[in-house]
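**Student:** So the chains spell out like this:
Number of protein chains: 2
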Amino acid sequence: MPQRLDTRDDAFESDFTALLGAKREEAADVREAVDAILVDVRERGDEAVCALTEQYDRLALTPETMRVSEDELDAATNEVAVDVRAALDLAAQRIEAHHTRQMPKDDSYTDSLGVTLASRWTPLDAVGLYVPGGTASYPSSVLMNAIPAKVAGVERVVMVVPTPDGETNPAVLAAAKRAGVNEVYRIGGAQAVGALAYGTDTIAPVAKIVGPGNAYVAAAKRAVFGTVGIDMIAGPSEVLVIADDTANPQWVAADLLAQAEHDEAAQSVVIALDDELGDAIALAVSSQLVELERRPIASVSWRDYGAIIQVQSRDEAVALANRIAAEHLELAVDEPEALMDDIRHAGAIFVGHHTPEAIGDYVGGSNHVLPTARSARFSSGLSVMDFIKRTSVLSCTPDALAKLGPAAITLARTEGLTAHARSVAIRSNQT
Amino acid sequence: MPQRLDTRDDAFESDFTALLGAKREEAADVREAVDAILVDVRERGDEAVCALTEQYDRLALTPETMRVSEDELDAATNEVAVDVRAALDLAAQRIEAHHTRQMPKDDSYTDSLGVTLASRWTPLDAVGLYVPGGTASYPSSVLMNAIPAKVAGVERVVMVVPTPDGETNPAVLAAAKRAGVNEVYRIGGAQAVGALAYGTDTIAPVAKIVGPGNAYVAAAKRAVFGTVGIDMIAGPSEVLVIADDTANPQWVAADLLAQAEHDEAAQSVVIALDDELGDAIALAVSSQLVELERRPIASVSWRDYGAIIQVQSRDEAVALANRIAAEHLELAVDEPEALMDDIRHAGAIFVGHHTPEAIGDYVGGSNHVLPTARSARFSSGLSVMDFIKRTSVLSCTPDALAKLGPAAITLARTEGLTAHARSVAIRSNQT
Numbered sequence: 043m044p045q046r047l048d049t050r051d052d053a054f055e056s057d058f059t060a061l062l063g064a065k066r067e068e069a070a071d072v073r074e075a076v077d078a079i080l081v082d083v084r085e086r087g088d089e090a091v092c093a094l095t096e097q098y099d100r101l102a103l104t105p106e107t108m109r110v111s112e113d114e115l116d117a118a119t120n121e122v123a124v125d126v127r128a129a130l131d132l133a134a135q136r137i138e139a140h141h142t143r144q145m146p147k148d149d150s151y152t153d154s155l156g157v158t159l160a161s162r163w164t165p166l167d168a169v170g171l172y173v174p175g176g177t178a179s180y181p182s183s184v185l186m187n188a189i190p191a192k193v194a195g196v197e198r199v200v201m202v203v204p205t206p207d208g209e210t211n212p213a214v215l216a217a218a219k220r221a222g223v224n225e226v227y228r229i230g231g232a233q234a235v236g237a238l239a240y241g242t243d244t245i246a247p248v249a250k251i252v253g254p255g256n257a258y259v260a261a262a263k264r265a266v267f268g269t270v271g272i273d274m275i276a277g278p279s280e281v282l283v284i285a286d287d288t289a290n291p292q293w294v295a296a297d298l299l300a301q302a303e304h305d306e307a308a309q310s311v312v313i314a315l316d317d318e319l320g321d322a323i324a325l326a327v328s329s330q331l332v333e334l335e336r337r338p339i340a341s342v343s344w345r346d347y348g349a350i351i352q353v354q355s356r357d358e359a360v361a362l363a364n365r366i367a368a369e370h371l372e373l374a375v376d377e378p379e380a381l382m383d384d385i386r387h388a389g390a391i392f393v394g395h396h397t398p399e400a401i402g403d404y405v406g407g408s409n410h411v412l413p414t415a416r417s418a419r420f421s422s423g424l425s426v427m428d429f430i431k432r433t434s435v436l437s438c439t440p441d442a443l444a445k446l447g448p449a450a451i452t453l454a455r456t457e458g459l460t461a462h463a464r465s466v467a468i469r470s471n472q473t
Numbered sequence: 043m044p045q046r047l048d049t050r051d052d053a054f055e056s057d058f059t060a061l062l063g064a065k066r067e068e069a070a071d072v073r074e075a076v077d078a079i080l081v082d083v084r085e086r087g088d089e090a091v092c093a094l095t096e097q098y099d100r101l102a103l104t105p106e107t108m109r110v111s112e113d114e115l116d117a118a119t120n121e122v123a124v125d126v127r128a129a130l131d132l133a134a135q136r137i138e139a140h141h142t143r144q145m146p147k148d149d150s151y152t153d154s155l156g157v158t159l160a161s162r163w164t165p166l167d168a169v170g171l172y173v174p175g176g177t178a179s180y181p182s183s184v185l186m187n188a189i190p191a192k193v194a195g196v197e198r199v200v201m202v203v204p205t206p207d208g209e210t211n212p213a214v215l216a217a218a219k220r221a222g223v224n225e226v227y228r229i230g231g232a233q234a235v236g237a238l239a240y241g242t243d244t245i246a247p248v249a250k251i252v253g254p255g256n257a258y259v260a261a262a263k264r265a266v267f268g269t270v271g272i273d274m275i276a277g278p279s280e281v282l283v284i285a286d287d288t289a290n291p292q293w294v295a296a297d298l299l300a301q302a303e304h305d306e307a308a309q310s311v312v313i314a315l316d317d318e319l320g321d322a323i324a325l326a327v328s329s330q331l332v333e334l335e336r337r338p339i340a341s342v343s344w345r346d347y348g349a350i351i352q353v354q355s356r357d358e359a360v361a362l363a364n365r366i367a368a369e370h371l372e373l374a375v376d377e378p379e380a381l382m383d384d385i386r387h388a389g390a391i392f393v394g395h396h397t398p399e400a401i402g403d404y405v406g407g408s409n410h411v412l413p414t415a416r417s418a419r420f421s422s423g424l425s426v427m428d429f430i431k432r433t434s435v436l437s438c439t440p441d442a443l444a445k446l447g448p449a450a451i452t453l454a455r456t457e458g459l460t461a462h463a464r465s466v467a468i469r470s471n472q473t
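Sequence order for the protein chains is A and B.
Using this note's numbering, the first residue of the first sequence is number 43, and each one after it goes up by one.
Using this note's numbering, the first residue of the second sequence is number 43, and each one after it goes up by one.
No lab work stands behind these hints, which were simulated from the structure alone.
Treat the hints with care, as some may be off.
As the list makes no split between identical chains, a pair holds if one copy fits it or if it spans any two.
EDC-like mimics (lysine to aspartate or glutamate), calculated; alpha carbons at most 16 Å apart, straight line [stated by the list, open to error]:
hint, residue 1, residue 2
1, K445, E197
2, K219, D113
3, K445, E306
4, K219, E138
5, K219, D317
6, K445, D316
7, K445, D125
8, K147, E67
9, K219, E121
10, K147, E106
11, K65, D125
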């Protein structure tokens, strides 16, 4: 049974704090194993990658067969059912359209002192995309990670995807082709992260690595951070639904279960503005669980991390939602817009009864890579911003330097950095 | 003597690769010590912070005296010379003006299917700013870190600054007051990072911690990442100057030394487009070094990490500059704009003979917190973007859901996530 909380209970604050603090994931400490793999890849390159792939994925590779050929990508695409291809294409189009709007504009201006200041955005040269193998190998995630990079102007998007025992996922390869991924390699684990970060004879290094993975992949990304950029380390997925008496308990229950089926550590929480609603939702979840394909996973998630929180007012609901800072927030209420204005922290908001979170997972157009574990308090979902960087440009005329110089000299001397002061003064003999 | 490289030499490529790969900083492994401090702060709060401050800073504090009072901030401001205060104010105004232009606009649109998509930017609730004590305690860095946060709309900016033996830096406190810092605490080290991340009875927790620090501070920031956001871990500072025969060797030398005086691990590199220029710059550096206050530091930096690279063309210069991806890039050439268009990777560019890098350190208006150690290939300098985050908003009408739903259902089923499919289908009986 999921936890039941009620803001009217004396124990509410401590119960809610415990819910917020619940650790849903114990990161296995695989640092030593990962460090050894990374050193091996750095030193032996392709040779290490092939040996480790044989060891972990039971797949014999050579530098020549590491890469998935264009023919294979075409064949995989043809293997995918026509309606799935059409759905991937619709999703890709919508992701492209939405992310294109995210591109910031360069800025350049000359101020009253004659100083020209500019902000110039440029794409990364090359990006690596990690795609997990097995059951967590999602074509939708390929689109969500690769398309923003291509929209940003990244010329070289390199995908790695392990194929244990040589088994590939045609839909994943079709998505890679549709998204414009430039190179695909059938490798995974820490060795694939190492290959992307350091480069091998076969795989040129990238500037940043994105995409989800298991504990080994996460540890490898942490370890190579600095050599390359990385995206956020994603935790288990979560949804928070705020529902009032206009909500359909069956619909809310379906959304809670959609989250719960991801992972035993996923979390589904509902804030109920109506006293009877909580019971109705709990009942609907129980009855829908029975017929669920992924019932073993969803039932554990709902039992261990699910929660129904009874509140007395919209203000209470908003205050709790801002503390939870959920990855996904559904507003299953009448007049959701009014509520939305008070929400400060959420990865993505799904507005009204007809916007189930699953739309955002696939075809909404916004990105489904979103901050988990309350990190929406300080970070954003994946976007084109993750694939571009800004260069500041400063340009002084001799006159502007003469006007600004004295203040720079004063501050540099205050900080004891007299060579800084000198570099300004030498240009106008203000020594 | 600095390294001399020449693209005409056979050994150039291997020498340049070695220069790129030179590790200027060995991160001391202080993880265990830091982990213990963080556990202590998490468990004992104020008590731990006071005890650790007594131990490391030889300063007896109580929860009541931890915070620097408004009166103390006023007194410190009055202690600062009038010209320094005026310079801080000019710098602050210019930083405010520039960073205000960086604020992105919210976006909202309804597409042809009737789906409304929005991107909403909101500030972080609270930010912690670490300011080092002792000689690296720079008022300019207080402005550069705190002002973008305030411009972004962060309501609570909390500064921590160690005051070993109780010694404060009035200019740092004056800068904090000018920048609108809301709370200042006289604590430092890993214990201050822990207090900001976890909160104590006296210090409420923040959502993100920014600012430079020693190995302990860096390790503590890495450790609390996830609980809070952090900025990039800054490495030693560096400058790259591209100079042609129109450059004044004395000016270039002054700029190289301004960088070198920061730190023995700082790096100053010049790419010379003119054969005699390299010698002239080397000579100018040697002669200027003699009279430098921070000669012991600058001479070691220049000897160990300085480099003069002789090239034959602008194209060569650009190619090398893009590989170096310097934190600071000066274009001390005729027609710098033409060169600039080809530069893809740099933290900040200083254009022309009259824009010494030191202007950007203090009063240019752009931020002086910039990506070091080649990370300009994948990251940007500090900006308002570090203090806001984006929430995606998705809203479907029943009609839009009916149009988009089938594709979402198809993809969910392809991924084996049938509860996802169900959450869409249940709303239109497309089960």
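**Student:** Each hint needs a verdict: does it hold in this structure or not?
**Tutor:** Going down the list of hints, with the structure as the test:
1. K445 - E197: neither (42 Å within a copy, 34 Å between copies)
2. K219 - D113: within (11 Å within a copy, 64 Å between copies)
3. K445 - E306: Neither: 63 Å inside a copy, 32 Å across copies.
4. K219 - E138: within (14 Å within a copy, 45 Å between copies)
5. K219 - D317: Neither, since 50 Å and 49 Å both go past 16 Å.
6. K445 - D316: This pair counts as neither: shortest intra-copy Cα distance 65 Å, inter-copy 31 Å.
7. K445 - D125: So K445 and D125 pass the 16 Å test across copies only (14 Å; inside, 66 Å).
8. K147 - E67: Answer is neither: 39 Å inside a copy and 36 Å across each miss the 16 Å cutoff.
9. K219 - E121: within (13 Å within a copy, 65 Å between copies)
10. K147 - E106: Cα proximity of K147 and E106: none, with 42 Å in one copy and 48 Å across.
11. K65 - D125: neither (40 Å within a copy, 53 Å between copies)
In the structure shown, a violation is registered for the earlier hints numbered 1, 3, 5, 6, 8, 10 and 11, in ascending order.
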